[in-house]
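Peer 1: First to last, the sequence lines map onto chains V and E.
Under the numbering used here, the first sequence has 6 at position 6, and the numbering climbs by one with no breaks.
Under the numbering used here, the second sequence has 90 at position 90, and the numbering climbs by one with no breaks.
Some hints could be false.
Taking lysine-lysine and the DSS-like style, the derived pairs with C-alpha atoms no more than 25 Å apart in a straight line are [what the hints assert, rightly or not]:
1) E/79 <-> V/182
2) V/94 <-> V/182
3) V/36 <-> V/67
4) E/29 <-> V/11
5) V/11 <-> V/182
6) V/185 <-> E/29
What follows is a set of in silico ranges between Cβ atoms, one per label pair, in the way DEER data are often shown [stated by the list, open to error]:
7) E/100 <-> V/225: 38 to 44 Å
8) E/27 <-> V/69: 37 to 43 Å
9) E/67 <-> V/82: 28 to 34 Å
10) V/198 <-> E/95: 31 to 37 Å
11) V/198 <-> E/92: 39 to 45 Å
12) E/59 <-> V/192: 18 to 24 Å
Hints were generated in silico from the structure; no laboratory data involved.
Just so we're clear, the structure is a prediction, and the values are computed from it rather than from any experiment.
Ideal placement from N, C-alpha and C gives every residue a C-beta, glycine not left out.
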Amino acid sequence: MTDQDRKVLLKGFRDGIPIAMCYFAVSFSMGIVARKAGLVPATGFLSSLLTRASAGEFGAYTLFADKASYLAVVIMCVVVNLRYLLMSATITQKLPLETGVFTKILVGCCMTDEVYGITIAYPGYLNPKYTYGAMTVAGIMWAAGTASGIAAGNSLPDNVVSALGVALYGMFISIVVQAARKHWKLTVAVIVACLLSWACSVCPGIRDIDSGTRTMVLTVAVSLTFAWILPASVETDDSKVTGEHD
Amino acid sequence: MTEKNIFIYIAVTALTTNLVRVLPLLVLKKRITNRFVRSFFHYIPYITLSVMTFPAIMETTSPAVGLATLAIGVACAWKGMGMLAVSLICCVCVFLSQLL
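All chains, full assembly: derive it from the sequences and hints.
Peer 2: So, in structure tokens, the structure goes:
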């Protein structure tokens, strides 16, 4: 590993810390559900380490508890995680063309909402070490949170849980704002998306649709609309990408 | 439920989820040059994160605390603070609001 790689890996570790904090809080509460599904701390740790998906695992543990068929688990995992298809598709554009299959598989497996968020924010082409660094910290804490939740059987004090839970949003805000202040079109799109998202959460009928599906439909609809009416100046982005890489 | 079942369940969940993540990386091999598609991909990540944050952040405690936390977080990020700093500040805001 070169010095540069080591630096990038460390930066990944550091940026992974806020993610790890949120993961611990979220997966701790998920441990309570996992416990009902018959998982013990060791199997919970293993399961969370291998899967790393909040909504997906939550749905899966509910199905385990109902003794559902394996096919039902497969269908649920595909539907709930469909947004990862979009995320990975955009990541293909962040990787140099000569990237090997093994690296692609590893990077793909690191795609959780949050690690994806910081990966896409990485300047220029991605050095996969950054994503690995973040995923290592975040993944271990995600698994540790589930195991602790199962072991404890009840949650942390309420004020600690809500304080930790908001760390996730703080991270999202940071990623979005840092990009938005450089691209005014993105700022407009973000504001419109937030207003629509709020409207969908109060509109009768629409608000009953699960939040994963709402997020996906809104993301596609808003992104398509803005790509059409306000195409981002991606040409300059691309020259920056190549410039940095060369 | 037997232990064997649980392990198959875990394997099915992990394999399916990771397959969804890896598939586009293995299938999409070309650089996308179409301006519309590139713009679409450019918007996706930020729009997803925005939609996941708002209005969900208002449900963590009360809408007022959520909005205040959001405003403080946006202001700090706009001033150029890093991710960890913004996250911690948001946590502190929510924690302090519960002591009031």
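Peer 1: Now, for every hint given, state plainly whether the structure supports it.
Peer 2: Hints, one by one, checked against the model:
1. E/79 <-> V/182: Measuring from Cα to Cα gives roughly 12 Å; hence the hint holds.
2. V/94 <-> V/182: holds (19 Å)
3. V/36 <-> V/67: holds (12 Å)
4. E/29 <-> V/11: violated (28 Å)
5. V/11 <-> V/182: Cα-Cα ~22 Å, so holds.
6. V/185 <-> E/29: Answer violated: residue 185 of chain V to residue 29 of chain E is near 29 Å, above 25 Å.
7. E/100 <-> V/225: 38 to 44 Å: Cβ of residue 100 of chain E to Cβ of residue 225 of chain V: about 41 Å, so the range 38 to 44 Å holds.
8. E/27 <-> V/69: 37 to 43 Å: Violated, since residue 27 of chain E and residue 69 of chain V (Cβ atoms, about 28 Å apart) do not stay within the stated range.
9. E/67 <-> V/82: 28 to 34 Å: holds (30 Å)
10. V/198 <-> E/95: 31 to 37 Å: Violated, at about 25 Å.
11. V/198 <-> E/92: 39 to 45 Å: violated (25 Å)
12. E/59 <-> V/192: 18 to 24 Å: holds (21 Å)
The structure fails to meet hints 4, 6, 8, 10 and 11 from the earlier list, while all remaining hints are met.
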